[in-house]
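A.B. asks: With these hints in hand, go ahead and build the complete structure from the sequences.
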Amino acid sequence: MVDAATVFAKNLDEEYIEENTVRIQKHSNVFYNPAQSFNRDISIEVIKNFTKNIESPKIFEAMSATGLRGLRYAKELKNDSKIYMCDIDRNAINSIQENINFNKIDLNKIELIEGDCRKIMISKPDYFDVVDIDPFGSCTPFIESAIISIKNNGLLCLTSTDIAIISNNPLKCYMKYNTVTYKTPAFHELALRTLLSVANRIASKHSITIEPLLSVSVDFYIRIFLRIKKSNHKTRENILKISNYFLCHCFNYLEVPLFNKSDKFRSKKVPNNICNICGSVFNLAGPYWNSNLHDKIFVDEMLKKINENSLNEKRMIGFLRFISQEIDTFLYYSIPAISSYIKTSCVPLSKIISALFNLNYEVSLTHCSLKSIKTNAPLDIIYNIFLKYFNINRDYINLINTLEISFEENKKTNELITKNYYKKLFYSNLGPLSKPKN
Numbered sequence: 001m002v003d004a005a006t007v008f009a010k011n012l013d014e015e016y017i018e019e020n021t022v023r024i025q026k027h028s029n030v031f032y033n034p035a036q037s038f039n040r041d042i043s044i045e046v047i048k049n050f051t052k053n054i055e056s057p058k059i060f061e062a063m064s065a066t067g068l069r070g071l072r073y074a075k076e077l078k079n080d081s082k083i084y085m086c087d088i089d090r091n092a093i094n095s096i097q098e099n100i101n102f103n104k105i106d107l108n109k110i111e112l113i114e115g116d117c118r119k120i121m122i123s124k125p126d127y128f129d130v131v132d133i134d135p136f137g138s139c140t141p142f143i144e145s146a147i148i149s150i151k152n153n154g155l156l157c158l159t160s161t162d163i164a165i166i167s168n169n170p171l172k173c174y175m176k177y178n179t180v181t182y183k184t185p186a187f188h189e190l191a192l193r194t195l196l197s198v199a200n201r202i203a204s205k206h207s208i209t210i211e212p213l214l215s216v217s218v219d220f221y222i223r224i225f226l227r228i229k230k231s232n233h234k235t236r237e238n239i240l241k242i243s244n245y246f247l248c249h250c251f252n253y254l255e256v257p258l259f260n261k262s263d264k265f266r267s268k269k270v271p272n273n274i275c276n277i278c279g280s281v282f283n284l285a286g287p288y289w290n291s292n293l294h295d296k297i298f299v300d301e302m303l304k305k306i307n308e309n310s311l312n313e314k315r316m317i318g319f320l321r322f323i324s325q326e327i328d329t330f331l332y333y334s335i336p337a338i339s340s341y342i343k344t345s346c347v348p349l350s351k352i353i354s355a356l357f358n359l360n361y362e363v364s365l366t367h368c369s370l371k372s373i374k375t376n377a378p379l380d381i382i383y384n385i386f387l388k389y390f391n392i393n394r395d396y397i398n399l400i401n402t403l404e405i406s407f408e409e410n411k412k413t414n415e416l417i418t419k420n421y422y423k424k425l426f427y428s429n430l431g432p433l434s435k436p437k438n
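15 is the number that UniProt numbering gives to position 15 of the sequence shown; each next residue is one higher, with no gaps.
Think of the hints as simulated: they come from the structure by calculation, not from any bench.
Just to be clear, a hint being listed does not mean it is correct.
[Said to hold, decoys possible] List of simulated lysine-lysine pairs, DSSO-like, C-alpha gap at most 30 Å:
#1 K176 - K119
#2 K351 - K305
#3 K296 - K205
#4 K104 - K82
#5 K26 - K183
#6 K351 - K419
#7 K48 - K234
#8 K412 - K314
#9 K351 - K423
#10 K305 - K176
#11 K314 - K351
#12 K119 - K183
#13 K172 - K75
#14 K305 - K423
C.D. replies: Written out as structure tokens, the structure reads:
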């Protein structure tokens, strides 16, 4: 595996595009984005781990374009895998056929399908072990048909590339995701929780539940991997995994669950809408996924099997190491954003983490933002840590005089911050390309 920037530079003057085990001819008149090579790499590792005990898994790739992803699946996944590659564009189908021949791939491993992927998936209920939806823009139009086509305990892989809309455009976000968004420094995680919420609501219509195995925010896109459970005995409980939230410009939040399990799933009463930190009126946003983003056992299994040879492999390991230590709290706190709000310099990350550990709170880093933390500590505790570090007061922050804050570093802090996360490889510096023209 090689990194996206290297792929991009290497292929500028070549007659073909090369990515890991596959070459595709450059004259292919269809969409290719080298920034998504990491997406394809991590998808292969997820599917490898997921299908290791499945005999002859059926894998459906919608909107195959050049066929690069599907061809890599055919060459890099287990030998008995059957890859179904689909595109509505005849030029794309012709290009994929050329690239299959060009890469000398066994024709028995691939089935090419021309047509609308939604119609194809709906026509094959409970058929595929894995369905991969990786469109240009939002994946929401394809989720329902994908869920229908997946077997019980199958894997659904979803990509959305419109993080800017999810995080910064309330009207468009509502139109595409049926979610009211709110601008926050934690927008990368909020985007993941938005997509998970949509997938959960769509699945619930069919008495189906979702279980996130891995949820990643990378560069300009989000990618989630879901186990699909077609058993309705947990559907009602899964509805409890979405909530509205009161969000504030001071980064405070308050969960507003949609239902009350203890009261026969009646709607919850709305709490006080005044922020207890700054006194402002909260903004209502959601519904968002309120539960875990990952299956830590699944993530740890992946970590054991990935080598550290190429830059992309090291980048994957860095992401997975971050994810394996993330705690299951709603959103993260941006250290630069908090510093800006209280008009101070940034407190060193190690000092904040040490102070929180010394106060017996949980704290972790997050793959969504390198200068942020996740913690179960209340926000006013975090603000007090900042004020204590600089020995200052702010009229709009309530000082907790009884709070004994120690910045002495401890073993847990050292273990957390000294691990090799390959931070220099976190950003590819490549962005989305223009939408291909017909």
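A.B. asks: Decide, hint by hint, whether the structure agrees.
C.D. replies: Going down the list of hints, with the structure as the test:
For the suggested pair K176 and K119, the alpha carbons sit about 20 Å apart, so the restraint of at most 30 Å is met. Straight-line distance between C-alpha atoms of K351 and K305 comes to about 34 Å, which puts the hinted pair past the 30 Å bound. A threshold of 30 Å between alpha carbons decides the hint, and for K296 with K205 the separation of about 27 Å falls inside it, so the pair holds. With a C-alpha separation of about 16 Å, the suggested pairing of K104 with K82 holds against the 30 Å cut-off.
Taking the CA atoms of K26 and K183, the gap is about 40 Å. The hint is violated against a cut of 30 Å. Simply put, K351 and K419 have alpha-carbon atoms about 16 Å apart, close enough for the 30 Å limit, and the pair holds. Between the alpha carbons of K48 and K234 the distance comes to roughly 27 Å, so the proposed pair stays at or under 30 Å and holds. For the hint pairing K412 with K314, the CA-to-CA distance comes to about 24 Å; that is within 30 Å, so the pair holds.
With a C-alpha separation of about 19 Å, the suggested pairing of K351 with K423 holds against the 30 Å cut-off. Pair hint K305 plus K176 does not hold up; C-alpha atoms about 37 Å apart against a cutoff of 30 Å. Restraint check for K314 and K351: the C-alpha separation of about 27 Å stays at or below 30 Å, so the hint holds. For a cut-off of 30 Å, the pair hint linking K119 to K183 is broken: about 36 Å separates their Cα positions.
A threshold of 30 Å between alpha carbons decides the hint, and for K172 with K75 the separation of about 39 Å lies outside it, so the pair is violated. Only pairs whose Cα atoms come within 30 Å are accepted, and K305 paired with K423 is accepted, the gap being roughly 20 Å.
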